[in-house]
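Visitor: Sequence:
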Amino acid sequence: MGIVIAILIFSIIVIFHEFGHFILAKQHGIVVTEFSIGMGPKLAGFKKGDTLYCWRLLPFGGACVMMGEDEAMEEDGSFNSKSVWARMSVILAGPVFNFVLAFIFAIFLIWQTGYRDGEISNVEEGSPAMEAGLMPGDIITRVDDTRVRIFSDLTFHFFLNPNQEYEITYMRDGESNTVRVTPFLDEDGSYRIGIGSEKKDANFLQLLRYSGYEVGYNIRMVVKSIGMIFQGQVTTDDIAGPVGMVSMIDDAYDQTIDYGIMSTILTMVKLVIILSANLGIMNLLPIPALDGGRMMFLIYEAIRGKPINREKEGLVNFIGFALLMLLMIFVLFNDIRRLFI
Numbered sequence: 006m007g008i009v010i011a012i013l014i015f016s017i018i019v020i021f022h023e024f025g026h027f028i029l030a031k032q033h034g035i036v037v038t039e040f041s042i043g044m045g046p047k048l049a050g051f052k053k054g055d056t057l058y059c060w061r062l063l064p065f066g067g068a069c070v071m072m073g074e075d076e077a078m079e080e081d082g083s084f085n086s087k088s089v090w091a092r093m094s095v096i097l098a099g100p101v102f103n104f105v106l107a108f109i110f111a112i113f114l115i116w117q118t119g120y121r122d123g124e125i126s127n128v129e130e131g132s133p134a135m136e137a138g139l140m141p142g143d144i145i146t147r148v149d150d151t152r153v154r155i156f157s158d159l160t161f162h163f164f165l166n167p168n169q170e171y172e173i174t175y176m177r178d179g180e181s182n183t184v185r186v187t188p189f190l191d192e193d194g195s196y197r198i199g200i201g202s203e204k205k206d207a208n209f210l211q212l213l214r215y216s217g218y219e220v221g222y223n224i225r226m227v228v229k230s231i232g233m234i235f236q237g238q239v240t241t242d243d244i245a246g247p248v249g250m251v252s253m254i255d256d257a258y259d260q261t262i263d264y265g266i267m268s269t270i271l272t273m274v275k276l277v278i279i280l281s282a283n284l285g286i287m288n289l290l291p292i293p294a295l296d297g298g299r300m301m302f303l304i305y306e307a308i309r310g311k312p313i314n315r316e317k318e319g320l321v322n323f324i325g326f327a328l329l330m331l332l333m334i335f336v337l338f339n340d341i342r343r344l345f346i
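Position one of the sequence shown corresponds to residue 6 (the numbering used here), numbered consecutively onward.
Don't read these hints as lab results, they were simulated from the structure. If a hint is listed, it holds; no wrong ones were tucked in.
DSS-like mimics (lysine-lysine), calculated; alpha carbons at most 27 Å apart, straight line:
#: 1; residue 1: K87; residue 2: K311
#: 2; residue 1: K87; residue 2: K31
#: 3; residue 1: K87; residue 2: K53
#: 4; residue 1: K31; residue 2: K53
#: 5; residue 1: K31; residue 2: K311
#: 6; residue 1: K87; residue 2: K317
#: 7; residue 1: K31; residue 2: K47
#: 8; residue 1: K204; residue 2: K229
#: 9; residue 1: K52; residue 2: K87
#: 10; residue 1: K275; residue 2: K229
#: 11; residue 1: K52; residue 2: K31
#: 12; residue 1: K275; residue 2: K205
#: 13; residue 1: K204; residue 2: K275
Work out the full structure: start from the sequences and follow the hints.
Guide: In structure tokens:
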């Protein structure tokens with residue numbers, strides 16, 4: 006059942022991403038030749054107008070194929086016949102729709118569970134936080150150079166900077182104060198300062214605001230993680246591909262189903278937020294064949310006033326796609342290897 010749910014989650018995220026490209030392409034009069042979910046051989050489909058709608062064998066990925074997208078084609082209805090700004094909006098729509106999807110699911114999550122802002126609900130006796138003078142009711146607004154809007158901003162900063170002194174800015178009785186706190190290592194091997202935060206029910210405006218904060222937090226988490234990869238702080242064992250993510254979702258299902266269906270639903274909703282934000286950011290990376298790579302060509306065209314040679318652009322995107330496929334094979338092999346460790 007967990008595997009079925011994983012496939013459903015991936016399908017929802019990919020459909021929404023490709024629908025973003027699709028709806029903006031249609032709005033600008035670009036002919037969409039295929040709208041597909043999955044990769045590989047076609048399992049089923051139908052054609053309506055100029056578009057083939059189909060479901061393909063491998064339940065990962067998808068495509069919104071536009072006429073003349075990688076060709077030197079300027080005829081009416083082709084991708085390259087539209088203005089550079091129209092094409093930019095079509096390319097950006099996919100990642101933006103992923104952020105919108107994450108926001109929609111965040112609304113549901115916070116509506117059901119409430120939100121945790123930076124307000125301290127309890128301080129552990131004898132903890133570094135108590136020694137620094139922090140008290141229940143204090144509202145943490147910043148830790149070092151990180152703005153704290155939700156409690157996760159604070160805990161993620163602690164996770165990234167485990168064994169160092171923190172400068173914590175907080176509000177008490179309308180006044181801003183700053184203290185320095187050094188964490189301690191608990192029995193679980195985690196560094197903590199000894200504070201907690203309780204969830205609060207959200208009114209309508211808070212629901213929208215804290216849903217936005219939740220999405221923003223997940224986006225920052227993905228960006229930080231990518232930075233850690235380039236800095237060599239992440240090993241191949243820390244990177245998961247489709248198989249690894251299916252295994253993770255399956256494990257999450259097994260661990261929560263005994264607590265009731267609502268617990269499982271909320272866990273899956275949280276995973277949709279994380280994965281949708283992840284897909285949106287990853288697609289914005291300036292890598293050929295990804296949306297970010299295509300945006301680089303369009304930005305270059307907007308600055309230069311004329312496009313790069315279409316054949317050269319197509320070749321670069323083809324090479325980028327081939328390298329991505331090799332990367333996917335490596336990640337797939339790595340996922341399978343971990344399953345047997």
